[in-house]
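Protein chains in written order, with our numbering: chain A, 2 to 161; chain B, 84 to 299.
Since the hints were made in silico from the structure, they are not lab data.
Here the structure is a predicted model, which is why all the values come from computation and not from measurement.
Any given hint might turn out to be false.
Cross-link-like lysine-lysine pairs, in silico, DSBU-like; alpha carbons within 30 Å at most [said to hold, decoys possible]:
1) A:LYS128 - B:LYS176
2) A:LYS128 - B:LYS259
3) B:LYS176 - B:LYS280
4) B:LYS280 - B:LYS269
5) A:LYS148 - A:LYS94
6) B:LYS259 - B:LYS280
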Amino acid sequence: MTGVAQKAAANDPVIQWVTFRLADEIYGINVMQVQEVLRVTEIAPVPGAPHYVLGIINLRGNVVTVIDTRIRLGLPTSEMTDATRIVIIESDKHIVGILVDSVAEVVDLRASEMESAPNVGNDESAKYIQGVASRDDELLILVDLNKLLTDEEWDELAAL
Amino acid sequence: MTVDTRKAVLLDQQLALSAYLDALLNDGGTAAPETAPATGTQAVTDTVVAAERSPATVSETRPGVPDWARAPFPVLLFEVAGLTLAVPLIKLKGVVPEEGDTTPMPGHSPLFLGVMPYQGMQSRVVDLARLVLPADRLAALEQDVHERTRQRVMIDDGRWALACSTIGNVIELEAKDVKWRSAAGKRPWLAGTVIDKMCALLDTDALAQMLADGVA
Numbered sequence: 002m003t004g005v006a007q008k009a010a011a012n013d014p015v016i017q018w019v020t021f022r023l024a025d026e027i028y029g030i031n032v033m034q035v036q037e038v039l040r041v042t043e044i045a046p047v048p049g050a051p052h053y054v055l056g057i058i059n060l061r062g063n064v065v066t067v068i069d070t071r072i073r074l075g076l077p078t079s080e081m082t083d084a085t086r087i088v089i090i091e092s093d094k095h096i097v098g099i100l101v102d103s104v105a106e107v108v109d110l111r112a113s114e115m116e117s118a119p120n121v122g123n124d125e126s127a128k129y130i131q132g133v134a135s136r137d138d139e140l141l142i143l144v145d146l147n148k149l150l151t152d153e154e155w156d157e158l159a160a161l
Numbered sequence: 084m085t086v087d088t089r090k091a092v093l094l095d096q097q098l099a100l101s102a103y104l105d106a107l108l109n110d111g112g113t114a115a116p117e118t119a120p121a122t123g124t125q126a127v128t129d130t131v132v133a134a135e136r137s138p139a140t141v142s143e144t145r146p147g148v149p150d151w152a153r154a155p156f157p158v159l160l161f162e163v164a165g166l167t168l169a170v171p172l173i174k175l176k177g178v179v180p181e182e183g184d185t186t187p188m189p190g191h192s193p194l195f196l197g198v199m200p201y202q203g204m205q206s207r208v209v210d211l212a213r214l215v216l217p218a219d220r221l222a223a224l225e226q227d228v229h230e231r232t233r234q235r236v237m238i239d240d241g242r243w244a245l246a247c248s249t250i251g252n253v254i255e256l257e258a259k260d261v262k263w264r265s266a267a268g269k270r271p272w273l274a275g276t277v278i279d280k281m282c283a284l285l286d287t288d289a290l291a292q293m294l295a296d297g298v299a
């Protein structure tokens, strides 16, 4: 690679995204924040937990809270299927599981391929959408996991 | 219904729509009709009386005439949930049908239908009816979302797609045909009204800015 090409590549880094499906859309989260992907195991409900919390699971001796991502994103709920997965993510030292309809592939995206998130209606709850990107005639909705919950909500989950 | 009765109803409806368009220019307030266009003779009468009590209309001042309207200008008519709007061709990027390629974005207001690919970019699709219709008609919108969003009018160089029901004709207007809106008011997206064509003329630059600023 020539010096010019190297400089161009450095200015347009490739980021890997783990993609998953929710309802009819594909979402992506930064691979660096994904610890593992699990089949759905027994989720123990926690009385008094926020409405978007499904419950907790035992992950090799550690208690991990599982979030219903559909509820968190304001999507209609749906029954679990064989494809449903729990994605264990780490966000700012918080570890939590997010329930998704299915996990797809890991996608490489250059920064230049990402478009900024739409800003319509100034809805605070939409701040977790980091951007969008086109891939294979489908649109990836890129999620900023750090903004999926507020600091207070993260602390509330940690206390479960 | 006799011919005379039909003519009377048509005239009443025209008067009601005219009053509604006038109310848009006057920025609603208490003079704005609660329903538009009204149905029923009594509602129409109330609407017309309310409009007649309105303050002076914009036509008496012409500060709102944009540069592109100094000469005769073509506009495209289109329908949004029963209301006819017009967009100047000089501000129109294109018109595309809805092809199931709109990706909804979670966590946004109902005004925002999602994004759609358009000429290499992701255009933001807006449910224009929610912006231009009176509040009392918004509840009825849920019943026919797909029917009234079958077309997309592209503005702001394709950055925004205004969802609408149907696309109409192109007509030519002159500045004198339009009741231009004054600078102040609650509806910066409204450039003026064209009573002869019973339509509202969009100020697409102001509309795009409103949407971008998230104040719509």
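| field | Proposed proximity, B:LYS280 with B:LYS259 (alpha carbon, max 30 Å) | value | holds, 13 Å
| query | When you check the alpha-carbon spacing of A:LYS128 and B:LYS176, does it fall within 30 Å? | reply | holds, 29 Å
| Between B:LYS176 and B:LYS280, is the straight-line Cα distance small enough, at 30 Å or below? | OK: B:LYS176 and B:LYS280 at ~23 Å, within 30 Å.
| said: Just to be careful, I want the Cα atoms of A:LYS148 and A:LYS94 compared with a cutoff of 30 Å; is the pair within it? | reply: Cα-Cα ~13 Å, so holds.
| Pairwise hint evaluation, B:LYS259 against A:LYS128, where the allowed Cα distance is 30 Å at most | violated, 45 Å
| Is the straight-line distance between the alpha-carbon of B:LYS280 and that of B:LYS269 30 Å or less? | OK: B:LYS280 and B:LYS269 at ~23 Å, within 30 Å.
This entry does not satisfy hint 2, going by the numbered hints stated previously; all others are met.
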